[in-house]
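Trainee: Let's have the full structure, built from the sequences with the hints guiding it.
2 protein chains.
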Amino acid sequence: MAVSGGADSVSLLLLLHDLREELQLQLSVAHFDHQLRESSADDAKWVEALCNQLAVPCVIGRPDQDSESMQQGGIEESARKRRYHFFQQVAERHKINWVAIAHTADDQAETVLHHIARGTGLKGLQGIPETRELTESVTLIRPLLQVNRSELIAELASRQQAFLQDESNTDFSFTRNRIRHDVLPYLKESLNPQIDQALRRLAKQAQEAQSAIDELARNLLDQSLTNSESLRDGLAFVRLSIPEMKKQPVAVVSAMFLKLWTEKKWPRKQMSHFHWSQLTEMATTKSPQGLALPGGIQATCRRDVLEIRLRSD
Amino acid sequence: MAVSGGADSVSLLLLLHDLREELQLQLSVAHFDHQLRESSADDAKWVEALCNQLAVPCVIGRPDQDSESMQQGGIEESARKRRYHFFQQVAERHKINWVAIAHTADDQAETVLHHIARGTGLKGLQGIPETRELTESVTLIRPLLQVNRSELIAELASRQQAFLQDESNTDFSFTRNRIRHDVLPYLKESLNPQIDQALRRLAKQAQEAQSAIDELARNLLDQSLTNSESLRDGLAFVRLSIPEMKKQPVAVVSAMFLKLWTEKKWPRKQMSHFHWSQLTEMATTKSPQGLALPGGIQATCRRDVLEIRLRSD
Numbered sequence: 001m002a003v004s005g006g007a008d009s010v011s012l013l014l015l016l017h018d019l020r021e022e023l024q025l026q027l028s029v030a031h032f033d034h035q036l037r038e039s040s041a042d043d044a045k046w047v048e049a050l051c052n053q054l055a056v057p058c059v060i061g062r063p064d065q066d067s068e069s070m071q072q073g074g075i076e077e078s079a080r081k082r083r084y085h086f087f088q089q090v091a092e093r094h095k096i097n098w099v100a101i102a103h104t105a106d107d108q109a110e111t112v113l114h115h116i117a118r119g120t121g122l123k124g125l126q127g128i129p130e131t132r133e134l135t136e137s138v139t140l141i142r143p144l145l146q147v148n149r150s151e152l153i154a155e156l157a158s159r160q161q162a163f164l165q166d167e168s169n170t171d172f173s174f175t176r177n178r179i180r181h182d183v184l185p186y187l188k189e190s191l192n193p194q195i196d197q198a199l200r201r202l203a204k205q206a207q208e209a210q211s212a213i214d215e216l217a218r219n220l221l222d223q224s225l226t227n228s229e230s231l232r233d234g235l236a237f238v239r240l241s242i243p244e245m246k247k248q249p250v251a252v253v254s255a256m257f258l259k260l261w262t263e264k265k266w267p268r269k270q271m272s273h274f275h276w277s278q279l280t281e282m283a284t285t286k287s288p289q290g291l292a293l294p295g296g297i298q299a300t301c302r303r304d305v306l307e308i309r310l311r312s313d
Numbered sequence: 001m002a003v004s005g006g007a008d009s010v011s012l013l014l015l016l017h018d019l020r021e022e023l024q025l026q027l028s029v030a031h032f033d034h035q036l037r038e039s040s041a042d043d044a045k046w047v048e049a050l051c052n053q054l055a056v057p058c059v060i061g062r063p064d065q066d067s068e069s070m071q072q073g074g075i076e077e078s079a080r081k082r083r084y085h086f087f088q089q090v091a092e093r094h095k096i097n098w099v100a101i102a103h104t105a106d107d108q109a110e111t112v113l114h115h116i117a118r119g120t121g122l123k124g125l126q127g128i129p130e131t132r133e134l135t136e137s138v139t140l141i142r143p144l145l146q147v148n149r150s151e152l153i154a155e156l157a158s159r160q161q162a163f164l165q166d167e168s169n170t171d172f173s174f175t176r177n178r179i180r181h182d183v184l185p186y187l188k189e190s191l192n193p194q195i196d197q198a199l200r201r202l203a204k205q206a207q208e209a210q211s212a213i214d215e216l217a218r219n220l221l222d223q224s225l226t227n228s229e230s231l232r233d234g235l236a237f238v239r240l241s242i243p244e245m246k247k248q249p250v251a252v253v254s255a256m257f258l259k260l261w262t263e264k265k266w267p268r269k270q271m272s273h274f275h276w277s278q279l280t281e282m283a284t285t286k287s288p289q290g291l292a293l294p295g296g297i298q299a300t301c302r303r304d305v306l307e308i309r310l311r312s313d
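Chains A and B, in that order, give the protein sequences.
Heads up: the first sequence at position 167 corresponds to 167 in UniProt numbering, and the numbers run straight through without jumps.
Heads up: the second sequence at position 34 corresponds to 34 in UniProt numbering, and the numbers run straight through without jumps.
No lab work stands behind these hints, which were simulated from the structure alone.
There are no misleading hints in this set.
Put simply, identical chains are the same to the list, so a pair is met inside one copy or across any two.
Below are the SDA-like pairs computed for lysine to any residue, each with C-alpha atoms no more than 20 Å apart in a straight line:
1. Lys81 x Glu130
2. Lys188 x Thr175
3. Lys204 x Trp276
4. Lys188 x Thr120
5. Lys123 x Arg201
6. Lys123 x Gln194
7. Lys204 x Gly124
8. Lys286 x Arg303
Mentor: Here you go:
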């Protein structure tokens, strides 16, 4: 599991340590020292000492010659990438299948609010997932995602367990800190003291709605393909049955096209909102009859078939 | 159309007045004087004078012996009910089919944020609809829902058209005013200057997702009913095909049960989140085999059929 030394991850470490026999866990700790603060080496030593005390193996990671992909994006994003990359490496090296991360219900509410404000749409509203596959054999899990930070801190206090106060080791985000310390307290005071729960409920509903639409889009793609091998890499066109697409709600048809573009590795980011809605319109009303799309892709209606192909010119 | 005298509704009045020949509109104005402020009679006179100047008929409404249903809820909610009831009455009396209301893109963003904070879930995230049926013959429309208030105010300034500053005639909501004047400006400054657009995009996506799920739930209810007359009023049970329900995503099955409860007029509000999820679980896994629900409703799995009935005791 990942331990920064903050209240959340120290709590999760103690919890998993308590349960190690019952759940037959082989517990290991990974701590990433980003070396962005002077005191970060002390934090790493503190985590090592705690692990020694609990007799849990501990691996400390530090930034090395990073590949270029790690350095893309802002400081926050690249730090996050480095950290998760390190966790994944440790897991693979030690044949560990589950990496536990101590995100809490508070992190969830903060993330949902952050995504609402940034405008990441319904997808972003889903917030942090309970589990995520890092590789085929390594899965990230978040066992504390339903637990409030205040409960964890109370439990640590009752056990007289210390923890590190400065969590910037795991969270460089200026915006995230502002959301935690300013924005959420402000919204609680001015709009609803229970806004955390409201945000989490919204995330859950968005997850359910999005996964329903994804599932239906997946089925629709299978059912409306008239040339069954057309998702095979290399084939430069697909043919889709218009009557099949007409049976489904617009949101499902749109989601299906997004899936198609992803699978064909067509340039998704160049597609504007206008392009997607024109395409959905074609799929259900056969109008317009022809449409030129980014990346040299041409969509054409022929009777009951919508053909989408890469232009050869 | 409804005119409070504020910038939004004065703009819409001028716009519809400009377009009256082109669109062959027969324009009438309705203004509701809630008589909750001393100056409200002056506002009504001001609106009447503006209408005289434009040669548009104007009807002023005032609270009278209200029916009890109008008095339920807080001051804001009951004022809103009275106002819309008045608009509907005027429309019916004058055989008007469309009631235009001057809600703007800013109102939409404020509403979405308000609903997020209150925790009204994905349904609330949809915000204000573009149209809504008041009665069979009267439809409410919101032609300015994509337009920013600042554009309207700029246009009024360029036409040197005055408007009433105090809009509390149409909007008593303390929370709403706080969202407009404090919360949104604060979020723009601290998180994203474009948060309005982000909120509106979210509303649109939530509308699309919700209408997809509603449509699929409607279809599923039709397809899974094994006794085709079971939605007929008075029949105390329904039988639903488990294999049909199993084909659909969980969110669609849940939405279908909500529709069923609404149509059968079973006590929906007494159903907890736990009840709904137990029922959805039964519909897809046949477990538990029996379930007692609020309002004396019993759900039972018999082979491939889920039977839901009112207990006779």
